[in-house]
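Visitor: Residue numbers (this note's numbering), protein chains in the order written: chain A, 520 to 860; chain B, 2 to 344.
In case anyone wonders, no lab produced these hints; they're calculated from the structure.
Mixed in with the good hints, there may be bad ones.
Now the stretches of chain A that chain B is said to cover, found in silico as 3 or more residues with beta-carbon under 8 angstroms [stated by the list, open to error]:
hint, region
1, 531 to 539
2, 642 to 648
3, 689 to 695
4, 714 to 727
5, 780 to 789
Partial list, derived from the structure: chain B residues whose beta carbon lies under 10 angstroms from chain A [stated by the list, open to error]:
hint, residue
6, M226
7, T255
8, N323
9, P326
Every value quoted in this text rests on a predicted model; they were computed, and no experiment measured them.
Glycine is no exception: its CB is placed at the ideal position from the N, C-alpha and C atoms.
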Amino acid sequence: MKQETIIQISALRKHFPVKNLWGTDIALVKALDGVDLSISEGKTFGIVGESGCGKTTLMRTLLRLVEPTSGSVVLSEKLTGGQFSSNNLEELKKNELRKFRRQIGVVFQDPMGALNPRMLIKDIVGEPLAIHGQTENIRDRVIELLNNVGLGNEHLYRYPHEFSGGQRQRIVIARALALDPKILVLDEPTSALDVSVQARILNLLNDLQAKFNLTYIFISHDLSVIEYMCDRLAVMYLGKVVEEADTEALFSNPQHPYTKALLSATPNFDKDRKKIMILGDVPSPIAYLDESKAKLATEMTEQERLEIEAIEGKGIDYIVRSSLNKVLPLTKISANHYARV
Amino acid sequence: MLEIKNLKTQFNTYDGVVEALNGVDLTIEDGEIFGLVGETGCGKSVTCYSVLKLLPKTAEVVDGEIVLNGENITHASESRLREIRGGEIGIIFQDPLSALNPVMTINEQIGEVLTLHQKKEVNALASEKEIPVYKSEKWKASSGVEFMITAFSVFFIGLFTILGQFSLGLPFIALIAAMFLRDQMQKDLPESALDLMVIEALSRVKLPNPRQIAKSYPHELSGGMQQRVMIAMALAGKAKMLIADEPTTALDVTIQAQILQLIKDIQKEEQMSVLLITHDLGVVAETCEKVAVMYKGKIVEESSVDEIFTNPQHDYTKSLLNAIPKGGKERLQVSGIGDHESI
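In isolation and in its complexed conformation, chain B is listed as follows (with noise of 0.2 angstroms):
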């Protein structure tokens, strides 16, 4: 699915050159999921940055190649890039409530993602039920520019009303009410294709009430939800593969719990290749098949889940591995790794 041969990617920075990853080397099959674990530093979420090209300006891809799917995406142009993300891999991002944008509805950053897409099905959907593409809400702006115009009409209307003109203030009560009777006459539209799709996507995270998800927004909806929502917008897109990064971390174990449940199920469903990225051993054991583990920007083990938690080879795996407290009460082990010099 998708080959990362010795991957190069370098910061320029004021200090010198930061040589983030340093010959990276990963395969992931069709239908896999696979870990890639190491502590803060080592280089994991510069890997999936690398792939779809998510790096800030000071940072290149020096060397290596990366293919998806038989295609060499290493210099892709930005148009075919725009395809990629989203439609053909999806993310997750760790945080889910700074990762979704807090002044708009869920509906329309799903629906966002479909119309780059989906386009096609959306239409197709469109036609075969004879019902509107887009939502066709006649005058009206966004939802900042309304918000603004009916701020300060009532302004207005309080300030002609201090100073005793109330009549001045007239006009400005006529465009709330305006407003007021557009929003009632347009509430019963019918539903577009765009909205039972991003109602499908949403179900198919198993969220509740699908359709009053889609109106609310981002800060209303608890930790679990929001990421669910993330996973939703990641394979609204159809997209073949996952990359989760640390999509549990912000979450309490519970919760934890049932989104890894989640990934697992769909990826089980979808035959997706699942690239999980994550710091905690734990979540490794309990989702994946295969595992690599990451220290300094290389790859310094790869294996299967059972292999290296039985059996782990390199030195580094090891003490990480010992630096887990384990019921016991023994001093833990921390030799061999610590707090992270500088690279």
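Chain A with its partners taken away, still in its complex shape (with noise of 0.2 angstroms):
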């Protein structure tokens, strides 16, 4: 089968600019820096990195919810419908993205933070239906969201307190899906949830991708997770995509020496695998507009050195972060696997 893509994104740059006391800029919080990706149709696509790699401005930035610096998010004619009168997201008019944006529904990490603590289930779940004016059988189709998610109509008159965590995620979910999207982007959607939970939260989202051909853009830093729920995916670190690439090929075959730490940091039962450990911060994505202060993100930091010397010694492997922030291009390693090698 051939996948079809769904959404291109091609050199996308979200620059925030720094400003001082007087107004000028100092300098860019590189969010995004040259993101090019690719999602398919019906598929689940991949987005890990650390906290500050820009996973979440890029979520935003599809939605069209921050304006991005430079690129270009091209739809398909499906997402669209051809309704539209152009098919790159930036050309799109006001209300013309008022009606894209139900095409993608979005699952936040909190659900007691999405869920807004004064409502009813029933309004909750509601009230994207109420806000695109399809105010027709409303209850029933309320019921019919609670039933696709494992909820039933004695849920209706509750508030969000009354939920335990799996539950409330089921509701963010059940909302999600009102509007019947095309894509649904999912930031983190199980990382404040037990294993148990999480298990079951992933299973519904498998079947009910199954059920309405979604396509999925999962955010996530829990690599097991990842593995388990996605088919291609990309890595982020400081704003740029590092790796992309089918999950088996990346998992068994990863190229950018910070994917292999990252698959190696996460914690596994396997004793014996090789460790590789990455040290130093997460680096400030603030690039200065003095040239003077820019040279120092490649500099090795004090912090890096003290943690070599603790390691040294003892067998494990390490990168250190002042290494990987070069810039480098990327380059194709096979059919669909790029990499900043």
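Got two chains here, separate frames each, mind docking them using the hints?
Guide: Structure follows, in structure tokens:
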């Protein structure tokens, strides 16, 4: 079966300016720095990375909640339904953008933070329907949505605090599905949950994908979950995609040193595997416009030096973060495996 | 080192009594890393709070014994407990930012532990090096009061200037100038013994530029650094046992690996016992030697780490291991465990 691309992202950049007291730009936060991705229909696309690497900004640019600095997001015919003036996300008009956002549902990390504690479940799940004017049979539709995620009409008249974490996440998923989206963005949907509850949610997500032919964009830092869920995945570091490949290819044959280290950093039962530690702290994504300050990022920090001292002679491999900060071009490794080597 | 026998802790709520711990038996030997795993609400944290008597007022230990180094501390007095907390058992919490005081510098916070538990050592260091024990800054109030005085002075200067009575603001200008001069004069005071001990504590956890970090506030540090500060603080009282309550849950995997490595290194160097509480079985496999699985306020299984992953005995442990995604694409098994029913 040929995979159809549903969203094509090319050279997407989002730079937030850092201003000084007088309002002149002194630096840029390079939240996204040239991201190229193509997301295929009906598949799960994973995005992995540490905090501050630009995962969330990428998600927000996809919904055009923030305007990208440069680059383009091209939507497929299926997503637009041929009713918009353009296939390019940037050129959509305001009312078209509203229609487009229906096609993407979002599930956030913390379900309690995503649900209004003063609203009943029926109102929470029905709210997107009401906003988009689909008010006919709203109650039946809400019950249908709740049934989809394994809840029932006995839950209609309850408040979010009466549910457990797993159930709350189900409610968030039900709400995200309310407008029949084609894409579901899952931003760390299980990291606040226990393993057993996580397993149930992951099973549910797989069922829903099969039932509604959904495309998932799955953001997580838990590699075991990513490996289980995703068909293809991209590893992000400091606003760049350092490696992109099919899950199997990436897990069996990681190319970039950062990917290798990330794979080995995940706690795991296999004690004999080779361990690569990443030393140093997550670097700041701020790029100073002043050249003399810009150089600092690639120099080894004091923290890294201390950690190398501590680790030496223990038979642990390591890479140093400052060595990762160099910019390398994305190269093709095999048919659909790209990495900055 | 630490022995817990048949510990029962109850919470009195409006809906009745909640038996959070239902007879917990644990033995932690000298110099071992012991893992305690379980899901939310199974009583992991209550166990460690019961040991240190950090429970809320609604909770009480109704039965059981806690023996620390041969001493029964189940009914220890509050003053003895104060010695134990930090002095004999150090503790690290899950979220370093909420465990650290946001309005105190790192120096003040670690200094507090040292003055409580290491007074003799600090005094000894002071007399040996012939330096003061505390930094003797004169004419100085606490930083909050200092800030308020400055803020009010600036406000009045502005107010009087707007009202055209600039001369009335002059005393406030003089006050600010005096405060500035005082700080300038006392800038180069020699480091006190306490400062040196704090710096030593910070360098033990491999923090760079400990002098600079000691002066900073918690929000200025990254998550990994904050957790390192927490570990430094837990170790500052020369505790022989460390309780780590989900120390890496709030951190990225790469930083998690660093922190776990640090805990392992320190445990080896100091021959400490560590009780590592976590919900992540992977973390246990990486760090611990022995592990206990908790479920509904009881220990359901206890064995060595290799044993529990290769040959789990209890049904709950088996289903917990099955629920973890492991590479393959087959459906995850969730029988036997699930959304936690209320106890």
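Visitor: Which hints, by number, does the structure contradict?
Guide: Going through the list in order, the structure violates hints 1, 2, 3 and respects the others.
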